[in-house]
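As they're listed, the protein sequences go chains G and C.
Using the working numbering, read the first sequence as starting at 1 and increasing by one per residue.
Using the working numbering, read the second sequence as starting at 295 and increasing by one per residue.
Nothing false has been slipped in among the hints.
Some but not every residue of chain C turned toward chain G, in silico, with C-beta under 8 Å:
(1) Leu425
(2) Leu486
(3) Ala876
Cross-link-like lysine to any residue pairs, in silico, SDA-like; alpha carbons within 20 Å at most:
(4) C:Lys554 <-> C:Lys637
(5) C:Lys954 <-> C:Val890
(6) G:Lys9 <-> C:Ala876
(7) G:Lys81 <-> G:Lys128
(8) C:Lys463 <-> G:Phe113
(9) C:Lys404 <-> G:Leu21
(10) C:Lys399 <-> C:Arg357
(11) C:Lys463 <-> G:Leu57
(12) C:Lys654 <-> C:Arg705
(13) C:Lys463 <-> G:Ala93
(14) C:Lys404 <-> G:Gly19
(15) C:Lys463 <-> G:Ser53
(16) C:Lys554 <-> C:Arg639
(17) C:Lys399 <-> G:Val25
Hint data in this document are derived by calculation from the structure and do not stem from the laboratory.
Every residue gets a Cβ at the ideal spot worked out from N, C-alpha and C, and that includes glycine.
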Amino acid sequence: MEGYCLSRKNLYMLPTRHGILFSFVLLAMLLVAVNYNNSLAYIMSFTLFSTVSVSMLYTHRNLEGICLSYGECRPVFAGKKLSYTLILSNHTARDRYDIGIDIKDNQSRRRDFTANESLNIECNTLVKIRGWYTLPPVQVNTRFPLGLFFSWCRPAELGRKGLVYPRPAEWQEFPTRYTENSFKPMQSRNSNDDYSGLRQYRKGDSPQHIDWKTYARGKGLYSKEFLGGDMPQMVFNWDDTRGDREQRISLLTRWVIEAGALGIRFGIDLPGVQVQPSNDERQIEKCLKILALY
Amino acid sequence: MLSKKFHISAGQEIQPDKQALIALMCAFLLAVSPHVTRLPIWLAALAIIVFSWSYKIVTVKGRQPGSILRIIFLFTVILFLFKHYHTLLGRDAGVAMLIALTLLKFLELKSQRDFMLVVFLCMFIVLTSFLYSQSIWLGIYLLAIVIILFAVMMYLNHRVRHDLFSMLKRAASLVMMGLPIAVLLFVLFPRLPGGLFGLPGDSHSGLTGMSDTMKPGSINELNLSENVAFRVEFSASVPAAKQRYWRGLVLEQYQMGTWKEHGEDDVIENQIRYSPDDVVEYSILQEASNKKWIFALDIPLARPADLVWGRGQTLRSIGTLRERKEQKLQSVTDYEFVGVTEKERQRNLDTSSVTGERVKQLARELYSNSSSNNEYINSVLSFYRNNNFIYSLQPPLLGEHPLETFMLDTRKGYCEHYASSFTMMMRLAGIPARVVIGYQGGEWNEQGGYMIVRQSDAHAWSEVWNEKRGWIRVDPTSAVAPERIEYGLSAIRQLVEQGRELGNLTGDQLQSVLSASLLNKTIKDLRLFWDGVNTRWYKWVIDYGAENQSGLLKWIGFTQTNWSKLVYLLVALVSVVVSLQAWFLFHRKKIVDPAVMQYQKFCHRLSRIGIVRSPSEGPAELARRVIELRPDLQQMVRPVMEAYIAIQYAGKTGLDRQQKLRQAVDNFRPKRIN
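This is chain C alone, in the form it adopts within the complex (with noise of 0.2 Å):
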């Protein structure tokens, strides 16, 4: 097609300037930000030198480093990358690898090709940011930065330069008209239920989860992380904070101080005993862990398909968590186990590495007290009540007898602590008796509808074996502080950082101090506003995948979904959406030429003072007219005539002639003589 006569000028680039140079450093900075704090910190000293050193070579039209050089360069920016990373695969040392020869390739812009390349590189840095996160902010940033890297190309490839503001400017509106493009991709484009080549192994690194052992007082600060562990939605009514305990792990073996799920393979689904009505539905939305740990409402009742049963009537996922997941879940909160093994009775009274007699002695005499096991579980309750024992976040370390310490001498524990001591007392009188490590409570989010429960809700207590009921929860913790189990973790740190002790604090005064001032309280508020945007955003943004996919397809009426329908569909509306957005572009508009509507307005004004146009009338003839009749008018006229022949007959066009015609016309004023 291309005739071979002329000389295509496709083929003549144009040569990009310094102005071109510094809005591409910009646009590499912009994309480069989000991987900013995971990076090596000589790599900003590299960008430095290498930034410095093309403008230098742009500017003062400098030598490029040779190729030699060049080489040189690369193999020890690699070899620096291997010692910072170990490795050169893998997400964290391929984005930081990219980034780096995107870098040097700023040594050898040439053409404008090496423009285009930088920003096409960038374009691919941008979306490396998303393996990290996707919140909210990154995805506003990616509408930012693709309307600022189509800006910079723009710029680039334009021989009469517009200032880099009205490239944005178009540059968005052409973002935003590809947007809904853009949108039908995104609802209909057929989507993998896995992955193509796997992940690399550092795919998920960071993510942390609940640990499944429990050593109290090996660790002397609570972890009070405000990050979500899991947000629930009720289908019916939602439970009260005292029946919200979420069950993750059933922990029975006491070793060396340290609570661990017991090692035998002889997980059973328990039988359970309870009422039809008591049944509550939810479904679990769980962030990533990187754990298989699903924390059920209390005790679960069926299994779905995709999990499997944990220890002491626990669920958990058949392989590690590595996505945010929602499950759909029933569970009861009042309930009586039906039989248990003699094998299970038996492990959860080993008190085999318990040290210290003074503690077996205090269990001895206790239990002697008591003429029942009940009575007997109350006196240990009342003996953490009744001798000063304080819920710390920062309890004492507790040594070697950390049990006897504890009960005896420090006194100072958070949850795990009195979980522990109290399973082993326990344990101790002949009573089977476990501990559950998980979630307590959790924060209504009165405007998501949901409930959302923190990493800092994380939970330890005990399940003492009762022979009539089974497994029963007793919570030590809230003989101690009660407020921890209504109030929720968040409480407790206000109440102690102001001086607050725990235990016997009434109601009013709890309230006064939670309810605290209205600042506090609409910071709370915007915080769970903030948490609904989100939930949202995840839920339909960035867990969107083949089940919402096929539910929307369901909801719109296509009953059975599989790929050639989904890409017919898309094509269709594609086809539509273009065909409209190429109406709108290609529709011309009736132009109204300003001379001309200036005209008017001055004729129109004319017709006010009694002198009508007719319709044959030229703009000379009426002007002659018009100084006939109003010889006073003849300096108002004069101008107006003057710029409108000057315009339309004499062909002479420009904005300064237009602007000189408008003036005339708005000094025009005529007023009527009688």
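Next comes chain G alone, as it looks inside the complex (with noise of 0.2 Å):
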């Protein structure tokens, strides 16, 4: 069995309103019984009575034995939401009828599931606040079969947590060491590398020659042409950003993200972290976890 599973230990039960009312309406029936000293009458509320008690045991059934947990979830910006799954598993003979499911910041869903099946249930917040965020405890509930029994679990907090990346900063230069002319980023050029002019980004050109100056004025990517080239490197410094420390967290984002877009080898150096710099596809994410977490 995978994560939190519905059991006796964490489900309760209550008659709903439906089922006050029904046991008000039992009661007059047995009235009427006794009255009229009625044998009819008297089996008419013993078989209501007893069918309105087993359903108890359906209603508990329905819910006992599903598991629940959540999928894998992928990181997201703050700001943006998040997306992750919730897996109901169901490894019992049983078909499970007409199951509530309640997420906070989600609307509610009723579903229906069978035997040997799982359900899943796509689910999104809002997140605002870098760093891990703990996905919202679940609460199941039905009311199968009569609607006069309502059981549900305690809220499961499954233990899953979704990283949640810093909100990137308005666009801001690169520190102004790797934009002066005096600093090359193709410094060791060959001599017959020749920047040979800009053409329109094309799928598959390499990252490395955008033109990110076209770029950050607005005006679209542009490759740069050359006849082969080196990597530049650049190293983000706690010191390059101002503000305080969110504001720095901000733009530090915003300018991984620009340098991995770019295809730039590029690394962070914060007070106590420093990355080294790299051009590999786990780079990024990298450096985007140890802001998110910092």
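Given two chains presented individually in distinct reference frames, assemble the corresponding complex, making use of the accompanying hints.
Here you go:
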């Protein structure tokens, strides 16, 4: 069994409003039966009573044995919606009817699912703060079969967390030491690596050759054409930024994203944490995670 | 417990729709169906109006009638009901009111709660139909309607709608699951001997018992109802038909052509002389009659505690018989009365209201030709026999001088006419005589081992004072139609229908007429079988009460029963049943993965052609090996493997994939190559 499984220990039950109303009807029926000493009236009252009592077992059984877990959850930037999947797995031979699923910030749903089947529920939450976001607790409930009893589970904290990257700041120039004319990103360029001009970015172009200045001006992606070339390298320093902690982190985040998009070798240097420059594909994730949790 | 953080969906209800409304209407009509014949006809019109209106509200999203309009409706309906029943209280008006109000509720179905409320009201309507009848049919109906109403409840509560039929199936299994507890409750729930609040006055209307007066010639058609008056079980031998006279009332007073019980309040218990060997022990299960009369066999000996003596050694109940009641009695059919008061003798000689000189002359003539009282009795009986008296179920009316007209003119009648005229003929000759009414005969139910006495077995006869033996029975009807006594009224009816003359048929002739066709016999047997089923139904289900309960507990081994013991036993047994049910419901079946089953089948087929899977071999390796060994099988092996790997390893589920795998395995029929 995986995740959080519903059992006697975490399931509760109470009559619904209809259930309470029904109990009064049942009492009135029994009074009629006793007063008229009417056997069929007795039989009817007892049949209704026993059926409803048995229905409690069915209500409980409808939830018992369902296991809840969250699936993998892709990181997202603060201010965006974090998407995640709730998996209700049913490893029993019972069909489940009319299961209500309540997750915070998500509309509640009612579903049926059959024996041996898993039910995936797509959910999302708007996240605002960087760092680990604990996925919301889940409450599962049912009023099956007669609507007279309501059974629910204690809200289940499933322990799964989603990573929220910092919100990227507005675009600012990379640190000046990299943008000044003296900075030659293509320092080790060979003599025959001639800059031959800009052309429209095409898919498959090396990200290293994208003209970020034009891009930053909002004019779209252009690739610099060279004959051969070498990788530029940048390390974003905590002291390159100004403002409070969050503003600094936001800006660093922005730079990491942009540098990553350009395919430039980059690293970050925060007080206490350094990431060596690299341009492998894990580099962005690595840096963003450090920034998210810093 | 309900965390505030959560928006609990208990409050989020399902909006009822058209299907739900139609289901609800059907449930209502089914719940009302047993009442239909008793309800005022205009309710049907109201139902049509209300139903089409509420249908329109739900489908076209029309507006519901406002509260003022609803109140006007309500009062109009109540007014009509009052006009019809002249009251709003009591059983009949109460039931009609419940039905009418439930009907009006259809106009204000807003939320799911309203729908559920109507279902509950329907349950109550069903319950009220049992106040009118508790037949086996209603018992079956009960079970069916409970299942239907639960199915409607399920239907109303499911967001993902299933068809009503699957709901019915599920509701049926739910009710069946509850049945053991219902049975335990029925058997062991403590019963109160009397009601709680007393019953409304009209609770028992519609019961008809035997009248306490007799007026021959006033009714020209006899009640031939086949309704059961009572059933009798004998502890030993069954008395012959000729002796099965069930005495109900002794009528001694004749005034204005009507026989009545004598008004004087001097009922005494007679002294009876009898041989102990002749005592018949039996128990009589009498249907509710709304009267007090108990129809004991001939002369009852002892008086049970809840009965009193009636006039002329008859028994009667203290209160009216509003419910079926069983009595254990002892009677004798061969007896002598010892002593009689002079008062009793005198009032049985009263002829003051006899009119007509011709009949008085007739009595004088017959008496003067007889040498003894006994001879006179015989000559009166002979007079009936020899003067073309006819046993008729539709005699002419008798008019002003009933006795004279019957004896000398019409000469057509049934038991009442003969009993009345014979008794008066005795009195005219100075012999004390009286009329007894009750039942005669009864039909033996072989299969059930009891006797059924029906309303159509009602009979009247005479008792004449004999100086030596006291009151002796003389049944003048037997002089005219002995078939009535031997074969019962139904035989008479058959004979009359066939145009036979009564009184002079030989035994063989009678047999040939009465044995009738095989079909008739089968019908009769079926009827008796059905009566047997019914009798058990009434005895064990409907009349089940405190007495049966203590009897049952005694049988189990509880000698002294009281409330608390019953409750303990009930709680204990119910918990046992519930635990068993819970175990049954929660016991998880070992899941057999259908894909694995198919794969095993595939491997089994492979082993038949000599390719045995080694335990460590995965499906892909196995497939490779099979294709290597038997390239010809590639076409058949590949789909199996693809489907199986897709399900087991790629995590793809779904019925269509399972089906694909099954089909592929079914198609896999390799042949051995030698």
